[in-house]
Amino acid sequence: MNPNVTAVSRRTLLLGAGAGLVAPGIMAVPLPAAAQQQPQGRGAVIDITRARTDPIPIAIPDFAGDRFGRDIARVVQANLRNSGLFRPVERQAFIQTPEAAAQTPRFQDWRVIGAQALTTGRVEQRGDQVRVEFRLWDVNPEAQLQGTAFTAPSANWRRIAHLISDVIYERLLGEKGYFDTRVVYIAESGARDRRVRRLAIMDQDGENNRFLTSGQYAALTPRFHPSADRIAFMSYQQQGEPRVYLFDLGSGRQEALGNFPGMTLSPRFSPDGRSVVLSSTRGGDANIYVVDLGSRRERQLTSGGGLDVSPCFSPDGAQIVFNSDRGGDQQLYVMDAGGGGARRISFGRGRYATPVWSPRGDLIAFTRISGGQFSIGVMRPDGSGERILSEGWGMEGPTFAPNGRVLMFYRETPARDSRGSGYSSRLVSIDIAGFNERPIQTPTDASDPAWSPLLA
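Residues -28 to -1, 1 to 428 (mature numbering (1 follows the signal peptide of the UniProt record, and there is no 0)) make up the sequence shown, in order.
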């Protein structure tokens, strides 16, 4: 976790840490055992498939106390609504005031307006620190499901809101959330034939956006390190030839991964963070290599004619998926992480590209191009169960949220501006079932998103 934000660990939250008072170093005091018992009846965990078609009605009144209370509650509400799995109850329907609810919820007032879950909270500012008490309630059995207190510098109040959102998601759906995360992407501006492409980063909801590079040299295909503190990306800084660079988010320092012959492109870190897998062009071919980050030594994994690009490790590090035209057309292949044993897994109509393995290990997302149309889809690692989630004029570059339940990609649309015909490129997220497609707001056009792991 970022040292500027302190909170109890996710494991502590899951095990039922109480709404204890926060002390230096963060202490979480468990509630009495009776208050942590699973409620009878509806139960504390809703099946995520049911929630997709019947979102959980949840009341999220403003947190009492400090001025941040309203802001924190609104961010939590937006996070849960945008997931498509929760339906926040309209505030106009609230009967009990936030201040009273923070003291003692009057459950009949929340049942009558249809809420199944309720959040209450209180915020107190202490100098440049903000302290947030948060409680999650199961309305029907009138039981507390969670109670936690967070403290952080006031400037990081949004981070607390994302942590609270993750607690609610996990407690009610039984799976990890994805709100306390960042997205790195390519910020695009200018005419299509003179496009400026800068490395940029933001919170998963589009807030706290900042540019990491100046745009003097084009940047492409950024990818997070498993620790979320570094980014691998491709840039044209050396003689206009694409090479893989590493960017340190703490220091802002960037360096070339190595001085390898030919072009190096499409990097991704290994699950243990000790190496980078990439594609390198030498002669007329492109093959896949793995580069050890400690020694910067490379090892070739594929060989032979053709273009092998866009490699991505499985979450256990045992396999690599990539796309290749080795069979005459661009398709997806899976091979052992040490090279060898490559087998084709895509057999649908069209060409396949940009594969990425789900953090859960159960799916591979991809871009498919057929008949001039682009599609974003998923399939199982053996190639079965292919499903198209979204189609359009131009779309590419899927990336999974850390819980494997949501994808983000970029969509291009034709646009006309004062200089004539052009296009717009925007980020979009969608549920892996193909529901809840929605745009992600960025200050410029955007492409090549990559989702971070959970930050906590």
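No lab work stands behind these hints: they were computed from the structure.
Be aware that one or more of the hints could be misleading.
[Said to hold, decoys possible] Label pairs and their calculated CB-CB ranges:
1. Thr76 to Asp308: 51 to 61 Å
2. Asp257 to Arg166: 23 to 33 Å
3. Trp365 to Gln97: 14 to 24 Å
4. Arg42 to Ile341: 39 to 49 Å
5. Pro125 to Gly406: 35 to 45 Å
These figures come from a predicted structure and were not determined experimentally.
Cβ coordinates follow ideal geometry from the N, Cα and C atoms, glycine included.
**Prompt:** Taking 51 to 61 Å as the hint, is the beta-carbon distance of Thr76 and Asp308 inside that range?
**Reply:** With a Cβ separation near 59 Å, Thr76 and Asp308 satisfy 51 to 61 Å, so the hint holds.
**Prompt:** Has the hinted range 35 to 45 Å been met by the Cβ atoms of Pro125 and Gly406?
**Reply:** Given a distance of about 40 Å, which is inside 35 to 45 Å, the answer is holds.
**Item:** Outcome of range test on Cβ distance (Trp365, Gln97; 14 to 24 Å)
**Value:** For Gln97 against Trp365, whose Cβ atoms are near 49 Å apart, the range 14 to 24 Å is violated.
**Item:** Range hint compliance [Cβ, Arg42 to Ile341, 39 to 49 Å]
**Value:** 46 Å, holds
**Request:** May I ask you to test the hint 23 to 33 Å on the CB atoms belonging to Asp257 and Arg166?
**Result:** 31 Å, holds
Comparing the model with each earlier hint shows a violation of hint 3 alone; every other hint is respected.
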